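Whole structure, please, built from the sequences with the hints as guidance.
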Amino acid sequence: MTEPDRAARRDGGAAHRASADRAMNGDGGTAAGRAAAAQAVAATAVDAYPRIVAALIRITGDWTLAEDSAQEALARALTRWPVEGVPANPGGWLMTVARNRVLDVLRRAEVERRKLRELAVLALTAATTEPAEEVVDDRLRLIFTCCHPALALEARVALTLRTICAVPTADIARVFLVSESTMTRRLTRAKTKIADARIPYRVPRGAALTERLPGVLAVLYLLFTQGYDADGEPAFAEEAIRLARLLVRLMPDQSEAVALLALFLLQHSRHAARRDTNGDLVPLDRQDRSRWDQVTIAEGVRLLGRLSHSGPYAWQARIAACHATAARAEETDWRRIAECYDQLIRLQPTPVVALNRAVAHGYASGPAAGLALLAEARTGGALDAYPLALAVEADLVARQGDRERAAALFREAAARTPGDAERRALLDRAGPG
Amino acid sequence: MKYMMLVCTDVEPDPDHENYPDVEAWVAQNDAAGRRLQGAQLAPASAATTVRVRNGQLLVSDGPFAEVKEMIVGFDLLECADLDEAIEVARAHPMAWAGRIEIRPFADVDQ
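Each protein sequence line maps, in turn, to chains E and U. Each number in the working numbering corresponds to the 1-based position in the first sequence with 17 added. Each number in the working numbering corresponds to the 1-based position in the second sequence with 929 added.
One or more of the hints may lead you astray.
[Unchecked claim] Label-pair ranges, simulated between beta-carbon atoms: (1) U:Pro944 - E:Gly398: 18 to 28 Å; (2) E:Pro231 - U:Tyr949: 16 to 26 Å; (3) E:Leu120 - U:Ser975: 57 to 67 Å; (4) U:Ala954 - E:Ala167: 18 to 28 Å.
[As the list claims (entries may be wrong)] Over 10 Å on every C-beta distance to chain U, these chain E residues come out as not near it, computed from the model: (5) Ala52; (6) Arg75; (7) Ala126; (8) His165; (9) Thr227; (10) Leu239; (11) Leu324; (12) Glu347; (13) Thr349; (14) Ile362; (15) Val370; (16) Ala385; (17) Glu429.
[To be verified] Residues from chain U that face chain E, not an exhaustive set, calculated with beta carbons under 8 Å: (18) Met930; (19) Glu953; (20) Gly968.
If you're looking for bench data, these hints aren't it; they were derived computationally from the structure. Quick caveat: nothing in here was measured; it's all calculated off a predicted structure. Note that CB positions come from ideal geometry on N, CA and C, so glycine has one too.
Given below as structure tokens:
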């Protein structure tokens, strides 16, 4: 990624990075004017881009045409706005330019009159500053289509990043550890399947919505953790938060969507304190809590008050809130956290939840209780693939006073951990030896 | 849109036999709705014969073309508005519980 790209991402998130590059090298306006215009484009694009793509996909059914046209509109804004000034309704301007490009392409292809008529109607709705209800729905439709269970999970994440967040294919490819051409093929295959199998462009209703929403939330969750992991792409966490906000705005009655946003915010509030100056991960209990973002924490806690029903994300968010609201590590309400895990494991009986439950009870009721639950969680080799289980055991054993065995376990955990930062943190805890 | 529903066995069926939907009700309902155009149960894979022609020569062999644990035991040809409708039809078939079902759209030959 180039430096202006990073700047665009920090300032406005989803602006189209290639267009930003083009604008930097363009010849319109002064340097300051160009920078201001680029910032205006970036800020507008965050909201306008998915709106435009979603509306154009609905009408044309052509994903590539919709994306290309929306990106073309952003590129044109970057050359025109520095010279002509930022228009009064930047989102409407972008929609009009994108729609005109679609019309050009379609006219050349001589498609049916019906599509052209719909576009003419769209031009009228785009001209008003308030987005029409139908246009808002389009983005939701797009999210549900990108996250359809008939697509492979990785394809869902990649398609969401590309189509809704406008993340360049090269950036997505890097995070998934594949070449750009492989990622391009994967995205093309997903779009082809949407067309060939006729995956509908629709938000499911009633019972179908209850079935499908967890899948959408799972994609967002994966996106967030992808950005949150030690070697991940930090901007993805912000994209996940932005998408979760959008979902909550569009489906305010879906408790689990609200809980997921709360969880993201509470986790993300710590991002400035998660690494030391060497870039190594700092464990929760040693983080400088003055660097936690209190505004974000307050928003997360406020969202928790809105929940009408408690699903897995609600319990996870409550756990995150217990950590986020403890002024010092020693003041953490481990008893409450342990209770939350007792609830969570009933809804989500996974090895990782069982492991974290052991940790919580280890702090709430002492290391012996933690070790007992850890042994239970390990039944049938369920945690053999998790080096973290060794680290947890090491911590519990250390608190029982057996430093030597603890150090050996920490070293074993480190040897099995792939991430550099995590490995260094574990070796650090093993101490010299 | 036409979908071919390939009905297969599975090594791990849903253990709750009591809850399997009734196949005759499924057929009647989807025939009446015009969603099921055709369908049949097939004889076991032991009755299958595979035919190939290579260099103009006929090669006939015993058994299905792929030796897998899951076997195709029937098919239904569906007419559905989109994939979500086809998924809803497939989930209500007892073999979605007792086996597995592949839904494959017909290729769009006009494109």
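Quick rundown of the hints versus the structure:
1. U:Pro944 - E:Gly398: 18 to 28 Å: Since the Cβ atoms of U:Pro944 and E:Gly398 sit about 23 Å apart, the hinted range of 18 to 28 Å holds.
2. E:Pro231 - U:Tyr949: 16 to 26 Å: holds (25 Å)
3. E:Leu120 - U:Ser975: 57 to 67 Å: holds (60 Å)
4. U:Ala954 - E:Ala167: 18 to 28 Å: holds (26 Å)
5. Ala52: holds (45 Å)
6. Arg75: Correct as stated: the minimum Cβ-Cβ distance to chain U is 14 Å, above 10 Å.
7. Ala126: holds (13 Å)
8. His165: violated (8 Å)
9. Thr227: Holds, since 14 Å exceeds 10 Å.
10. Leu239: Correct as stated: the minimum Cβ-Cβ distance to chain U is 22 Å, above 10 Å.
11. Leu324: holds (29 Å)
12. Glu347: holds (48 Å)
13. Thr349: Given that every Cβ of chain U is farther than 10 Å from that of E:Thr349, nearest at about 42 Å, it holds.
14. Ile362: holds (23 Å)
15. Val370: holds (24 Å)
16. Ala385: holds (37 Å)
17. Glu429: With a cut-off of 10 Å, E:Glu429 remains clear of chain U, as the shortest Cβ separation is near 35 Å.
18. Met930: holds (5 Å)
19. Glu953: violated (24 Å)
20. Gly968: violated (20 Å)
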